[in-house]
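Q: I would like the entire structure built from these sequences, with the hints used as guidance.
There are 2 protein chains.
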Amino acid sequence: MLIGGIEAGGTKFVCAVGDENGKVLDKVSFPTGDPDATLAEAKAFFDQHDITALGVGTFGPVDLNRHSDTYGNILNTPKTKWRNYPLLKKFQADYSVPVYLDTDVNAACLGEYNYGVSRGVDSCLYITVGTGIGAGLVQDGKVFQGRNHSEMGHILVQKHEEDPFEGACPSHGSCIEGLASGTAIEKRYSKKGIELVDNEKVWEIEAYYLAQAIMNYFVVLQPEKIILGGGVMKQEKLYSMIRQQFMELLNGYLQVENVNELIVAPSLEDEQGVLGAIALCE
Amino acid sequence: MLIGGIEAGGTKFVCAVGDENGKVLDKVSFPTGDPDATLAEAKAFFDQHDITALGVGTFGPVDLNRHSDTYGNILNTPKTKWRNYPLLKKFQADYSVPVYLDTDVNAACLGEYNYGVSRGVDSCLYITVGTGIGAGLVQDGKVFQGRNHSEMGHILVQKHEEDPFEGACPSHGSCIEGLASGTAIEKRYSKKGIELVDNEKVWEIEAYYLAQAIMNYFVVLQPEKIILGGGVMKQEKLYSMIRQQFMELLNGYLQVENVNELIVAPSLEDEQGVLGAIALCE
Ligand SMILES: Nc1ncnc2c1ncn2[C@@H]1O[C@H](COP(=O)(O)OP(=O)(O)O)[C@@H](O)[C@H]1O
Ligand SMILES: Nc1ncnc2c1ncn2[C@@H]1O[C@H](COP(=O)(O)OP(=O)(O)O)[C@@H](O)[C@H]1O
Ligand SMILES: [Zn+2]
Ligand SMILES: [Zn+2]
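Chains as they are written, first to last, in UniProt numbering: chain A, 1 to 282; chain B, 1 to 282.
It is worth saying that the hints were derived from the structure and are not from the lab. Hints are not guaranteed to be accurate.
Any copy, or any two copies together, can satisfy a pair, since identical chains are not distinguished.
To be verified - Cross-link-like lysine-lysine pairs, in silico, DSSO-like; alpha carbons within 30 Å at most: (1) Lys187 with Lys81; (2) Lys187 with Lys159; (3) Lys159 with Lys201; (4) Lys81 with Lys191; (5) Lys90 with Lys237; (6) Lys27 with Lys201; (7) Lys12 with Lys81; (8) Lys234 with Lys192; (9) Lys159 with Lys234.
A: This is how it looks when you write it as structure tokens:
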């Protein structure tokens, strides 16, 4: 049985066919362009395969409220051509098989849960620290969702006393996305993260914010595993800095047997998104 | 069919028998004393009724991790006689019917979800602001739980600039329980909340903290309904103050059609706990 999966990112689309064991059999990737053209490119790939279902993990924000008229539409994205694009309806029109839609980060979480570093646990939180910050939770094998997908990137944190930056989020002065995303780093220092590798203060402040957000997610959701992915986490020293600050914030209130096992990197070499998209079809 | 429910509070026990429609047919309440004696008093009540199942919503912290050897035990409570008390095992030994255990606030949430103000919604968060602060989420009819029950009272918030209080939580300088519980109010002002009714600053600070916590719960969990209960919320003016500050913090990032419908008081006249305990058996 072949299943199709798409990681529909703001920068690139990854399309794959795989089986229910998480084995990718064919894969293609291309830049995200205009919506209809991009979907046509995906279709050309899947036309070569006999898939029985299609799963899509998409960039957002996207309307995932099943009671909504605009269910499955891309919402208010800075990518103007995609704004209000009826993504799910377009896929449903293009394919004769069932289509399952969720966010990119929820799909990545499900990928790691089914096939990666969080196999065997009951609950897993996946946080992506890239252009923005987003997170998804899989609990007992299912993606968690309230009235819509979660917006964990907009949780509020305490400002670092040496950080005068007013935040990069247009809505909130001190949400984690506004203070710790790749975009926030770039705006604060007028340099990209990769150019700031040797500036220790940058990563101290970054870890300070991420540890706070993780502390808050942890007490609310109590996941067994917390995966940190995304471009900014390529700075691998962040993992140990975040773990240490997280344990200081938690301050023994809840037991954590081994923080190195709790807070980890993704394990699927950038295939977690597309594997999770495939897993959405189960 | 009769079902038994117990709201096992730190101060008092409420025992009730009801039917599956949420109708309470008999009820009794008595102070919480030594563990064995208190359970015996509950047993004497239920011996008069022919119940088919027993649900218990208990004070905490309690071990609800099903993989744990101490599953169902009370954990490190200040009530020393109850510390490490194997609550669930004792109930199971006392009764020949199935016993279901959860936290008091999760039970209250389920009570309101099934029979109260959040009937008909898919997800509901119940926050209790009393001696401590706790919260529970019901999603699609089920109590949400990670590796253990959530500890939402220990989410971190930003200090109010006019609040020099160092917090009442022994672990965290700025968690919501440490800054906004009834205990925190008492410690900060050396007076009980009820004696501070006319001091506007008290309630401005209280609303400031609670609005922050709610903002964070909201972006993470996206509940359709947020119920605020507990002794401190008897100060009814808090509801409108919290709603206003919450909307300012959210700052239009997510759409809220009517905040007066989103953030509400409990509706079951202090029976939500025992009704929820009964509903745990479903
Ligand atoms: N090695 C690196 N070190 C620090 N920051 C990085 C690194 N690589 C990428 N980034 C930052 O991560 C962000 C992009 O994140 P990424 O996860 O790759 O993309 P996206 O979030 O758009 O899917 C950019 O802000 C970029 O500057
Ligand atoms: N009318 C009131 N106004 C303000 N605070 C109150 C009021 N009634 C009770 N409280 C406070 O609420 C706390 C007790 O909360 P409650 O929910 O009644 O009990 P518990 O949390 O122990 O179950 C105490 O700190 C008390 O001072
Ligand atoms: Zn924000
Ligand atoms: Zn605390």
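Q: If a hint holds in the structure, say so; if it does not, say that too.
A: Outcome of the hint check:
Taking the shortest alpha-carbon separations for lysine 187 and lysine 81, only the intra-copy value of 25 Å comes in at or below 30 Å, while the best inter-copy value is 55 Å. For a Cα distance limit of 30 Å, the shortest separation of lysine 187 from lysine 159 qualifies both inside one copy, at 16 Å, and across copies, at 26 Å. In the homo-oligomer, the alpha carbons of lysine 159 and lysine 201 lie at most 30 Å apart both inside one protomer (14 Å) and across protomers (24 Å), since each shortest distance falls under that limit. Only within a single protomer do lysine 81 and lysine 191 lie at most 30 Å apart by alpha-carbon distance; the minimum there is 28 Å, versus 58 Å between protomers.
For the homomeric pair lysine 90 and lysine 237, neither the shortest alpha-carbon distance inside one copy (42 Å) nor that between copies (48 Å) is at most 30 Å. Within a single copy, lysine 27 and lysine 201 get their C-alpha atoms no closer than 40 Å, and across copies no closer than 61 Å, so neither meets the 30 Å cut-off. With identical chains, the CA atoms of lysine 12 and lysine 81 are at most 30 Å apart within one copy only, with a shortest distance of 15 Å there and 60 Å across copies. Taking the shortest Cα distances, lysine 234 and lysine 192 sit within 30 Å of each other inside one copy (13 Å), while across copies they are farther apart (51 Å).
Taking the shortest alpha-carbon separations for lysine 159 and lysine 234, only the intra-copy value of 24 Å comes in at or below 30 Å, while the best inter-copy value is 32 Å.
The structure shown violates the earlier hints numbered 5 and 6.
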